[in-house]
Every structure is written in C-alpha cells, then in structure tokens.
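*Asks:* One letter stands for each residue in the lines below.
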Amino acid sequence: MPRAPYVEPLVSVSRGSTRQNRTGSWKYIRPLYRDAVAPCNRACPAGVDIEGYMNLLREGRLDDALDLLLRENPMPAITGRVCHHPCEVGCNRREYDQAVTVHSVERALGDESLSRPHPAPPPRLHSERVAIVGAGPAGLACAYHLARLGYGVTVYDEAAEAGGLLRQGIPGYRLPREVLDRQIERIASMGVDIRTGVRLAGEKAQAELEGYDAVFYATGAHKGKPMRVEGEDGPGIVAGLEFLKAVNRGERPEIGRRVAIIGGGNTAMDCARTALRFGAEPVVVYRRTRDEMPAIPQEVDEALREGVEFVFLAAPSGFRWEDGRLVEMHVTRMELGEPDDSGRRRPVPIDDDGYTIPVDTVLTAIGEDTELEALPWSLPEKWGSIIVDDFGLAGAERVFAGGDVAGEERTVADALGSGKRAAMGIDRLFRGGDDGGRPAEVTDLRWGGDGQVSMSRWRGDDPVRRTNPTNQVVDIEGLQLAHFRREPSHQERHRHDAVDFSEVNLGIDMEQAIAEARRCFNCGVCNDCELCLILCPDVAIVRREGGGFEVDLDHCKGCGVCAEECPRGAIIMTREGL
Amino acid sequence: MKKVIVGNHAVSLGVKLARVEVVSAYPITPQTQVVEMLSEMCASGELAARFIKVESEHSAMAACCGASAAGTRTFTASSSQGLALMHEMLHWAGNGRHPVVMANINRAMGPGWNVWTDQNDSLSQRDTGWIQLYCETNQEVLDTTIQAFKLAEAVDLPVMVILDAFYLSHTSEPVEIPDQDLVDEFLPRREARLKLDTSDPRSFGSLVRPEDYMEMRWDQQQAMTTALRMYEEIDADWKILTGRRWGAIEPYRMDDAELVLVTSGTVTSTAREVIDQRREDGEMIGLLKVKMFRPFPSAAIRRALRGVDRVAVLDRNVSPGHSGIFAEEIRAALYDVPPDDRPWLHGYVLGLGGRDVTPATIEEIIERAWAVDTPPREDLWVGLKT
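Just so you know, the sequences run in chain order A and B.
Everything in the first sequence is counted per this note's numbering, starting at 1 for the first residue and increasing by one.
Everything in the second sequence is counted per this note's numbering, starting at 1 for the first residue and increasing by one.
Quick caveat, the hints were computed from the structure, so don't treat them as lab data.
Please note that the accuracy of each hint is not assured.
What the hints assert, rightly or not - DSBU-like cross-link-like pairs, simulated, lysine-lysine; straight-line CA separation at most 35 Å: (1) A:K204 <-> A:K245; (2) B:K53 <-> A:K557; (3) B:K3 <-> B:K385; (4) B:K195 <-> B:K53; (5) A:K557 <-> B:K195; (6) B:K3 <-> A:K27; (7) B:K195 <-> B:K239; (8) B:K53 <-> B:K2; (9) A:K245 <-> A:K223; (10) B:K2 <-> A:K27; (11) A:K225 <-> A:K245; (12) A:K27 <-> A:K557.
With the hints as constraints, model all of the structure from the sequences given.
*Replies:* This is the structure:
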C-alpha cells in the first residue's frame, strides 16, 4: 500500500448507541398494545374463543388450543359438524379471499379431543347440587360447565338416550352416532350424573327437584308447527321432526316414493336427504327462494348434489286423498314482497295461481313449538319461549332455563351458549358473582359486549388476551391487508360414492387444520408476528418477558408506523398524558 | 469471451462479475437498461444480490449508503435529473466514506428537457467527495466498473463510472467479457473496515463539533490523494490479468506535439481519427484523454503538457458564467508550470445536449487553435448556429 498503514476511514461514529438520546420526549401520541376481539368470537353463539385457539394452533400448540376450545365449547366434534358457523360469516378474511373454515378446524380439534382418553374429572369444589332437565346440547353444556366449576350435577331426560335433538333430529350421515356417544361419554366422565328415561312433569317433577339447590330447564321444542292449511292433520302428512326421530330410533317409516318437504331450514334438508336414502324422490317446497333459505348453504348444496328437487316460491294450500291415501298437494305460487322483521322479503301469495304436485307423503319442517304446559312451575313466557335474564335466570327463584325452550335462535350453538350462560348464573347465585374477581357486568363477559359470554372472562384467566384487553371488535378496516398473502381455504373432503347413512363430510386432517389456522388474521390480537419490531424506525419496540412486545417510551417518537402497519389492529395510537 | 453489447449492459455485466450484494436504483432514461438487467439477474438468482426498490433516486442512494455501511458491496445507477435529486445523499456517501459504486450515464440537465449527452450532470456533483471516471468505449465501461469497486473499497470513497448517453449507453460494441474466476482473483469479497453491527449499535454520521470536523475532511482529502496512486496500481494489476489498462490520463501521439487536444468521453474517439490523419500529414499534433476527473490528476497532466506550445481543451459541458469545466481545471493545474514551459490554453465548448461532435467539428477547433497568436481570454463555443 502506498500509504502508511490504513486502518479505517475517519468518520463520525458514536461511542455508544443513540439510546442515550431520549427521543421519547418528542412524541405527543404513543402506541398502545391492546388485545381486542375478532368478529368471529363475537359472532359465535356458543362464545367460543375462535381467534384464540387459531392463534395457539398456528404455533402448533395443539394441547393449548384444545384446552382453550374446550373451556368454552363442551362438544366441538359435534359443532364442527352441525353448527351453522356464523363465525365464518363474521370472518374478516371473507372479504379478502375466503373465510377461514372455522368449523372444519373445530371439527379436527374436536375429533382429536375424542381420540384421547377422557381427562380426570374436575375436582368437586362446592357442596351445591344442580338438576338439569333435558340432556340436549343446552342441558349438557350447562352440566359440563357446572362440573368444571366444581358443582355436583344431575341431568334428567325422558328419552332412552342422552343427546336431545342431536340424537333425535340430526341424521347419522351428518353426525355419526359414535361421535355423539363419545362426546356425551366425555361429559359423563366428568362426574355428571345423566339419568335417561325419566320424564319430569308436574308434581313428580317438583318432588324430584326439591332436593337440588338450583334447576336448569332445557327441554327443547319438539312440537311441529301447524301449516294452517285445511286438512293438515290428515293421513300422509307428518311432522318432519317426528319422521327424523323415528328414523333415528331405528325405525323405517312408510313414506312412499313421492315425498314433499315443506320448509327451507336444516330440518327440511335432513328430512329430504333422509327420504332420499330410503329410495324416495323428495321435493322441497319452500315459499321463498334459495337466497332466503335458513338452512346451512353447504347442506343445501349437498341435497342438490344428491338429487333432491327444489320448488321455490310455492306454499301448500290443500291436499287430496283417495281411499284414505294422500295423493296430491295443491300449492299456491308466491312472490316476494316487502322485507319482514327478519329482514327477509315476505312471501305473498299470487291469487288464483297454483298447481298440484302428486305426493305420497308430506313432511312439514317449518319450525317447532315448545310444550310449556309440562313445566312444574309457571314461568313468564313470550310466544312459547321462557323469558330469561342475562344469566339465564327464569322468572322463579333458583330456576334457570336455556336452549330451544327459552331461545329465539334455535341452533345447537345458541343452545350451548345458553347452557354456559346459565352455569355462570348458577355460579353467581351461589358464590355471589365476585368470587375470584368475576366480572359484575354481563357486557364484560360477552365477546365484543354483545356476543355470547366467555368462560375465560368469567374465570378471569384468558391465556391469549393479556395486554390491555378491550372489548372492541376489529373489523376489516382495522387490519393492514397488505401484509397478507392471498391463499384459498382448505376444503373438506366429501364422500360421494354412495348415498347412505354413513358420514358424507370427511373433514380435513390436523395438518390442514394447522395450515388453515395459519390463514387466520388473528384480528385484534398480537400473535408475535414481529412486524412492529422490524419496522419501528427508532428501534423502540422491545420483546416483553413471557411473550409479546412493549414500547420503549424513552425512545418512541410516536410516529405511528407500528400501529399503521400492525396487520391485525393490535396496536392503536393514544394521546400522551391520557 | 467477446460479446457485442451496449454500454448499459457492459455496466450490468461488470456489476454482476463484481458480485455486488445490494443494488438499489430508480429508473431514468438513458440509464434504465442498466438496472433492468440487474433486476432480472437478481430475480433469476443469477446474481445473489438484494434489489431494493425505491420511490426516488434520493432514497436509492440512501439505501445504498445504509447497505454499504452494513458492509456490503453496493451499486446504483442514475442520470441527469436523477443524479441531481441524489445530491444530498451523494455527500452522505462521500463524507460518510461509503464505497458505493454508481454508473452515471451523462445526460444534459433540463430544461429544455433533453435526454442526450453532455457532462453537466456529473460535473455538477464535483465536490460531493466522489471519485469520477469518464469512459470512452464499452470495453472501458466494463473494465472500469470492475476496477471501481476495487478502488472504492481500497480507499473508502464512492466511485462514479461515467459514460455518454446513447453514444455508449445504447450503442453496441464488441466487448471482451472477463471470466468470473479472473474477476474473483482481482476483486475478492469486500472486507469492510467499519460496519454496522446490530450487537454493538452505534450511530454513523452523527453530530461532529468544529474541533473534529476538519480532520475528517483532511482524511478524505488524503484518501483522494491515495486514490490517484491506487488507481494506477489497480490498473496495472488489471493489465496483468487482462492485457488492458486505461490510465487516469492517456497521452496519445504526443511526441513533440506542438498542439495537444484534451478530451474526455466519446469525443476522444472522434479526435483520435482526426489526429491520426493529421499526423500522417506531418502535423505536430497530439491528444490527451482525461479519464479521472476526481481526484484530479494535476501532476500527471502538468508533466504531460509541459513544454507543449498550445493546448485545446474540448468541453462537452459548461460552468455558466465561467468556462468549460475541464479547461478551468487544467488551466489551474498548468499555473504551476514555469511561464517559459507553460502552454497557451484554448477552451472550446461543444456538443451540449447531445449535439453531434463530428470530425469536422474537431477540424474546426484545430484550425482555430493554430490560427490564433495569443491565448483567447474566453472559451470559444463551437458549432453555434448563427
């Protein structure tokens, strides 16, 4: 080298880092990490922490994901199969590419839990005993949550086997009996005493229930609604639910070849697809159009694929018998008028426009009514449903109610949510509600303030939302979508080789479930993606012991890059000094 | 291997052979092809480099400074208004001693909006602390690009490799492409003397008080002085490997020359033709090509021109209100020559905004240089429309 030993250029390099310059004093707004609520959680009628278990499953923490799911939902293997999954309608990802297929992930987790040995029963912490009338989803959910809270529980059901509508109403090709049996077994193994074949009504009920400290009523709704059409009590016209119950008892009712199903809900789909499996040619007659059908869209798809026929904008208006046998149904054409209270356009008959359909059997599936006259107490009701408060308390002391008998939304998920809510109400009745810091306001228990109640919140041990938890729901506007790759959802496999009573939907495997969980945006909740750490121009984001991040306020200049770029809206900017 | 390629691709291939690690650039005519080819190389994996997309030349150079400070071999390319937009960051690279290499395609500054060649864009950046190397042919472009990294990293100064718009950038010439092994031997991986280290965070380029600032500029000045000598060594090494050397300056047919033309860039090639012709006719005439403009090879130029009767400096540039910029620098360099040996200096401004410089233009200059008996007080503008 021509120059004396050249070591390094003379440039200005600080002796230490710039950390001695406390630029934090420049800011007037500061970032705040907060764990908010994803819209799926708020939408779930069972109050499941969907975002939370997706977050854990994404990391491959299967045990933790299962624990979180099972603390809110006693029967994920069932809801993963039969729930109408409003979570997926709420999913922000739906507006980006495709919603996360929550139900299929839930099913994979549920099946995983059932493949394991039943856990040890929870410890009995309290002396109080609770009676539950009705071993359907609501009753079983209430029993499950009460057992986990440390209470003694006895469940009564008049049917020979527990399960309620899950067993009596839902066909095996949708919900295999072994899944149902194993799921109920798992609840029974927690120390819940299930007594079947016991009908509790009137004075007998009072005597039997007197020995308990509280009662939860969940007897369901079983009586098919009338169509208000002349002759509907005649031969060949059967309530769809009664038909399904008979089939699910192992009977094979005589329905003939031409079967018309009246209605557009899941019971209608179950009736049609069951009739099809007996070799009939079912026709679904619905007074609105496909868009207004309350059935789960995938069920309608499957029915169509299997060959069920649909007649839309038609309602039955008369029947004709020959020699005591039903031969014809007359239908009136309908058109859609103004929207009704449900927001769906009201069907209006077109006068003098109708035609006849040849039928052997008509199955009615337009909804079910409750039978409150069997109740041992007179409870306030409205349109056949028991009125309950925010904790499921019915009009009498220590009497709670839930499920279809006390619900407006008659779904499995709503039943599970009502059972959980009543378990909290019963716990509050005994423990005053402030035991272990239980939230006093029900809105604090509800996801997003108006969703279903959360057991994590009741117990105060949410393992996912630990940083400044807020009940604010993060919608798609609150996300930074630029950071997500478009990726289609993982679709379930369906068995199409034969139309019989073995399960049609084969679900997804655990590997796909984890991949699907990775599609979850984790709306509103930090999932340690590190983007804030990487993008902070002032290196003012630091890892927090035990997970997550915090802001080094001595150096944060309040630029807001972290909040702007957080993909999931888990950082907001707040004013200084507030 | 010999290939017929445009000057822009000679740059790209030189950058690839240099195993550059980071490229950040913003497109501008006539430079675009340079980075287009590099981005394709990065995308295909042919070049294991990170291509940082940016929204402006200012950001491109900022990214280059950061990447270079992190210890990587870093490249960018620009032209004209783009280079002007980089101005602040050019100082940052120069004073921060980041050995970034840039190709600048000489393009006239607007307005009048113009994409053709002259040297005002790069010469406007004279004092930013960049080494400037002007090229005459596409072979020289490729060789100089590779040399530039070696030089930059040897003295921790940024280097601008400069070529004429279109005459080189978009004109195809046969170019010998050296083997990668050969380039690897000539230019090993960069060993940065000072680099960012996230485990020992420090601030580069922070506040310096008056009692320390001047020493940094002195150190930079020393590095420039070193670069003068260092380039000759590097060039000599290159010759051993390839048989080619270019020189900070190149005297051409100057033996006993009474009139010497001083040129840079592609005007040199045109002048060579005219000089060859006139030499054959017995005229005592020669040529001095200036490749290196910063550091300015004053001593070498003095030695080359001492005792020559007349020197005509051809400037494809002008410092408005003064003169052609090379003429001005050479005038200053010659001041140290004793008056008896000091040549008369004639400055000629020509070819601005891409106006063609033909053999006839050179002939006219030579005729005018011979015709005048006293040195002109002002530069003469050649080829102006009357």
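*Asks:* Please go over all the hints and tell whether each is borne out by the structure.
*Replies:* Hint check:
no.	hint	in the structure
1	A:K204 <-> A:K245	holds (26 Å)
2	B:K53 <-> A:K557	holds (26 Å)
3	B:K3 <-> B:K385	violated (40 Å)
4	B:K195 <-> B:K53	holds (23 Å)
5	A:K557 <-> B:K195	holds (26 Å)
6	B:K3 <-> A:K27	violated (58 Å)
7	B:K195 <-> B:K239	holds (31 Å)
8	B:K53 <-> B:K2	holds (32 Å)
9	A:K245 <-> A:K223	holds (12 Å)
10	B:K2 <-> A:K27	violated (60 Å)
11	A:K225 <-> A:K245	holds (16 Å)
12	A:K27 <-> A:K557	holds (5 Å)
In summary, the structure is inconsistent with hints 3, 6 and 10 from the numbered list given earlier, while agreeing with the others.
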